[in-house]
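Respectively, the protein sequence lines represent chains A and B. Per this note's numbering, the first sequence starts with residue 23, numbered consecutively. Per this note's numbering, the second sequence starts with residue 10, numbered consecutively.
Hint data in this document are derived by calculation from the structure and do not stem from the laboratory. Check the hints yourself; a few may be wrong.
What the hints assert, rightly or not - Derived, one-sided and incomplete: chain B residues facing chain A with beta-carbon distance under 10 Å: (1) D228; (2) S229; (3) H448; (4) T457.
Keep in mind that this is a model prediction, so the values were computed, not measured. Yeah, the Cβ is synthetic: ideal placement off N, Cα and C, and Gly gets one too.
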Amino acid sequence: MIEFELNGRRVALSADPATPLLWALRDHLAMTGTKFGCGMALCGACTVHLDGAAIRSCVTPLSAVAGRKVRTIEAMEDDAVGRAVQKAWIEHDVVQCGYCQSGQIMSAVELLKRTPQPSDEDIVAALSGNLCRCGTYQRIKAAVHAAARELAA
Amino acid sequence: MRYEALMQRLAQMPGEPQPVGGLVLSRREFLKLSAGAAFALGLYTVPAAAAEAGQASKPSEMPDAFIAVHGDGGIVIQVNRLEFGQGVYTALPMLLAEEFDGDWALVRPHLAPAGDAYKDPFMGMQMTGGSMSVKNSWLQYRELGARARAMFVAAAARRWGASPAACRTRNSVVLGPGGRHASYGELAAAAMAEAVPEQVTLKAARDFVLIGKPTRRLDSPAKVNGREQYGLDVHLPGMKTVLLAKPPVFGGKLGRWDAAAARKVPGVVDVFPVPLDRGAGGLAVVAEGFWPAHQGRRALQVQWDTAGLEKVDSARQLAHYRELAGTPGLVARDDDISALDKAMHRLRAEYEFPYLAHAPMEVLNCTLHYHGDRCDIWVGTQFQTMDQMAAAKVLGLKPEQVAIHTQMAGGGFGRRAVPTSDYVAEAAAVAKSWRAAGHGEPIKVMWTREDDLHGGYYRPAYLHRVDIGFNGSGRIMGWKHMVVGQSIAAGTAMAPFLMKNGIDHLVVEGIVDTPYRLPMRLEVHQPEVNVPVLWWRSVGNTHTAYVMETLIDELAQQSGQDPVAYRKELMQNRHPRHVAALDLAVARSGYGRRKLPKDHAWGVAVHEAFGSVVAYVVEAALDNGRPRLLKATAGVHCNLAVNPLTVRAQVEGAALMALSTTLPDNAITFEDGVVQQDNFNTYQIARMDAMPEVDVHIVPSADPPTGMGEPGLPPLAPAYANAIARLTGKRLRRLPFDLA
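With the rest of the complex left out, here is chain B (with noise of 0.2 Å):
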């Protein structure tokens, strides 16, 4: 299968399993190398096209290594994700020391740096993303830890002259006969020497002792003792900070302009026109440190040039979006509804979702070390592949002369994931323009905050307009959808595995794919607008599992039926991961057994995304007055959970992560094209005192596991909104919540 193919089959069917076994093993090669450990093991997947020439692969060119031993017995293992919070740094080399048998004490994880040994083995590029890096690395990395484990076996029993099959390995130990024993550390170099295997054969899940145990995170540690380096903390010889000053409106071209007074700052080194993305144009601050770059941004004087250029007004937005919800759009899917209006009842409603920044804690940053031939690039990216090729173009050079050291992030949630490499090509820009000018020294540009809320690649806003016809059992006669908003996937390289006739499947995941027996007709407009928009944490999901649920729960309530049972007779039966999920949420929560007290009230949603499906119910209560969120019971279905203890992580934050999107001045607006927000003042987002109590439960499972970094949020907004309807009667139809 090609991998155009199959990165259309991940993206339009999430929840299928992965191809298994031949077809992986069929593109791989693996390669040994001593990469300054006694032994190392790599592998990289032979492209399709070189695979289907029958080429043979050189060695030479894919310098990785996913696996190393030490003499004193350490093991490091590549992690080939970014690791943002979501746990990958754990669980991968979970994978790997499971079938390798390595002691987990002795196990260093590393953040692989850009390589095609590390591409993703589906989709063809190194990359983090749509929670598919346990779901893909799955098989990836226990085979590598099975190869290797079987290599240190040939040594061991070649040393003893006994068979292999008459040695056991555990804790990083070859166990032989007659009481022998070898530490991994002893036979590395040996192990080194040995071929390896064509074939071997996994674990079966029973024989597990680290998968599916709750595992504490590796990266800890110096995460608590300000130890850990993340990309903002890169700190080189003679390196420079810079800031880049950006036109107001997105596109915007530098007019006038005068650093006079930024160069009288002490500090500052230089100041140059850079080019920006989307073709913009602006200035570049060079200092000795933040503090100067900041004050001499500050002194610039520059005239902006926004002629000609969209500047979008939210409140014009919105009006525009109504009168094309009113016009014919492109058909994403067409059932017969012509029941509908001779339906009994009708409900009509209309949901309105704004622009969303990510806002990861860490700002965005690139540090670089460019040296006319080739060039050093330390940066906290989800795109390694795409930004190396990005940095490449702007600077000349070969994609393999650009080395990425991926650095730690501080969070991301889509953001450092951009088609166009936005921080990343803008940052090679700088680093060009400054070796033109005749300097050396590496350069750090950082972006503030306020560069972070005004940056654009943003969660598009978007408009439902939804209207249905059903009967006095709540039966669903016609469901007519509409969505407006901004396309992610159009224009950018992945538009011809995610828009299948003009429709991006990142704007109708969610509803087109809905769970619910139901005849719908769903409609698309996909405006362009100059705002630069992306997937947020979830993606699609963050505004269609919203309309969904709160709209059954709405029926529910119309029809006078329970919320789980009306649920689970629209699934009829063909859904049991998100019965059993839903079941488990509800069994933990005490729903329909406990009695709440005055004033406060169950709501549920249930939502499947990235293939894993979690249910919440959750009881909010009245506050004076003001609904609050006390406490989310969450049921999950991920398959084989294989860190128990990242997978509740991963639901506790991003059920506050949705939260944060219900609460006030959560938004990202426009007036004139400029962004209204600045700062955590003006965009607000979850603090400790909004925090509910999140209760998760995992389906026990032994089938291959999907991801976890996302399908905890989409579920919870709906949830909370259908338990305030039933404690105000108000549907609420605008995120963030309008409680007024």
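Chain A on its own, in the form it takes in the complex (with noise of 0.2 Å):
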């Protein structure tokens, strides 16, 4: 039995401890909104926060989770941050096809947390382990630039 936190809720889960996270989340607890792009935390669609960082859930078993804060993009309307960066991607209609970006979303609303003003290199840098094969990047900066902004105000 492996306990964390999720979404600010205890959960305790049977299952191999080998178990990815990301599998734990979506067959286990039919969480579905963290999605499965390659298996190799290559493409970041898997993202979600472990103790505050983003972390690909992909390839993180269940046993170093144990103990620990998990939240994922359903979280994200309870927060102030990440409300501020789904509104902002509304606003700028960032998404096409969609599913990378509970990924893009969790890797922003890290970012934003460390660095509250972040420069286009900033965003470049924590959000270029997160595809999009759509090709949403450009509306993807302009709305961490808009959700920064939108926070600080």
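Taking the hints as your guide, dock the two standalone chains into a single complex.
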């Protein structure tokens, strides 16, 4: 039995401790906002926060999150930075297929918590691990800046 | 006109305006139904044969509504296409709501299931592709909205004893004489009792309030909070996850296998052989979720039988294509090029393009619940009709016994439009065996990224060899062009519509129909190769535009002419939309007026695909000796832009996808029949650091819209290459770019 805190609630799972957190979320907890894209930490679609740090849940075994705090895209509406980012995403019409955007948003939220007024270079550095096949990068950049401005206001 | 003829026409003359009015209406019947709503209106296209035989349709066979209005005013609009990023989930409801005068805030789109009503009105099948959604549903969705509106007006007029002509509509409200008004929600049940009008008048463009207005996507809220359900997110009680073990060479068969270790993995439920696409064989690993399925698949001991199969080797293939290029091929265009040999100057060039994987971010998947006498399928597909037929065939059912619930898809770019229905038919085969083994639970068959990159259906590899004779002023005396590469349409159900005299239009589009006036002899070789191939965003234009637009640019440069002026001169005033797009990109980029810093250069290209024209003027720079694309200014001519916000987004995205094709490791290659790329570490797609600024401008127009899902892609790579040639003097003739 592995226990951790997920979006502010305690969960206990009896699963193979080697199970990647991604699949514990998706298959065991039916929380499908976190996406599978590559399984090798190459695309960032599975990004979640572990004790506040953006991590790739597809290569993070369940055993590594025991006793720690996990936050996913489903909790971003309850987070001031998360809400600002989501609002900016909608206002900039960022999404296309949208599949990578949970991961993009999780990386962006972590960046803004760490660096409230990021430069273009900061954004590229923080989000270059998040692939978007639809090519929404330009709008993501603009939306991150907009969210930063809103949070500073 | 028969569907076949229409399809051929659409395929060969993508810029042709669509038939209007009478033709569309004569094939249609409308039906009223109660789909859990107070008001619901549907329509279907009478099959050509039935229409010609004068057969009456039976509404009971077509229980599909396009628009439903609920008592609370909610307007549910069925979208008869796949939404996979291109924006139809917003654009098609805009068309309907415009004529309906519905309150946009009350519109709730829904992706339509497979159904005859939802077939493309011109293609005779339910599909998403060829940048056709808005173009082909432009009248269909507006007519639906206008008919529904007339019924609400009639209901209100009847209630008030007024003349319908004295009533107006605005924002889901009917306004009548004497200040009377009633909302669509309260009128819904009464509107249902009204006759569907025979004739409706559509709005004039000047009266549009939604169409042409930049409109934010309706799918954004659910896509930023994780609640959107994609195919891979389908979760059903008792559902199992299935991974397939497939042979390393296309068409390989299952040899000796041992699943003892796989079965010992906790969570693995069953392992059994399953027939695969194109006559191959493999194993299905059924498990309680992905992780045990993955562990189980890794634990399999399998010997594959690949004897007698062609084992493609990319280096050998290139050598073979070069040999073929030197031999006579099928003639696709045969102008008089006798002046070529007498020309003062010659330009000879050979181009190479690799296989490309679509690599949509959401891996392929298909969930089935097979009940023996019927089957429910949840899948993100561009080809509902064909997939429904394919699954029915595998399961021994009639197509109408197979319900396809169209799922939101995480990209596709053509990979979810498969004439063989590979991923759906394979999943159906698994479901069949699963049920035969006595199981009743639903199954989700999913691919991994490795399965995706290994799984075939790539943009084919191509070789072009071109020999051009021109004089000192750049006048082209003769253009001899050879294309070598696989046909996409050959052997598929689409072949009769897309192939003429043995030549696949998808191999030569973008060359055979070039807007430039030049004498051309075009030949093709379409070798059969043991690699499944498919359309990939903008299809033939992915390579033909590159060859044409870099060569035209080179001719301009060699004859000392401005690349924009030279292009316009070669078009000889016959292509006003090309010129308008080019002029707009030139004007907004500052080309010819703004002086660029040292080590910066302009690049230009223009290309028409699927009836829309996109021109790019790009600015590239040398950054420590390496080229980098800084900015792309696009001029777009898609006639009336229904949702300019989406048009801009599609061009931004297409530009980035095109840029990916120039970057290192954006190629699928083979050794001994085996794909050499496994995941995003060896098949690289552009990351944020590569993104240039993309600035999109749309030529104003009131003509019926043409599509924009693909046309932004073809001219970007050649525009960038043209800029690099001016920076480095090097003409890049191989993709991805070799900048070493």
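We went through each hint and held it up to the structure:
1. With its C-beta approaching chain A no nearer than about 7 Å, B/D228 sits inside the 10 Å limit, and its interface hint holds.
2. Among the interface hints, the one on B/S229 holds; its C-beta lies about 5 Å from the nearest C-beta in chain A, closer than the 10 Å criterion.
3. Taken as an interface hint, B/H448 does not check out: its beta carbon lies about 18 Å from the nearest beta carbon of chain A, beyond 10 Å.
4. The interface hint given for B/T457 holds, since its Cβ lies 6 Å from the closest Cβ of chain A, which is under the 10 Å cut-off.
When held up to the earlier numbered hints, the structure conflicts with hint 3 and nothing else.
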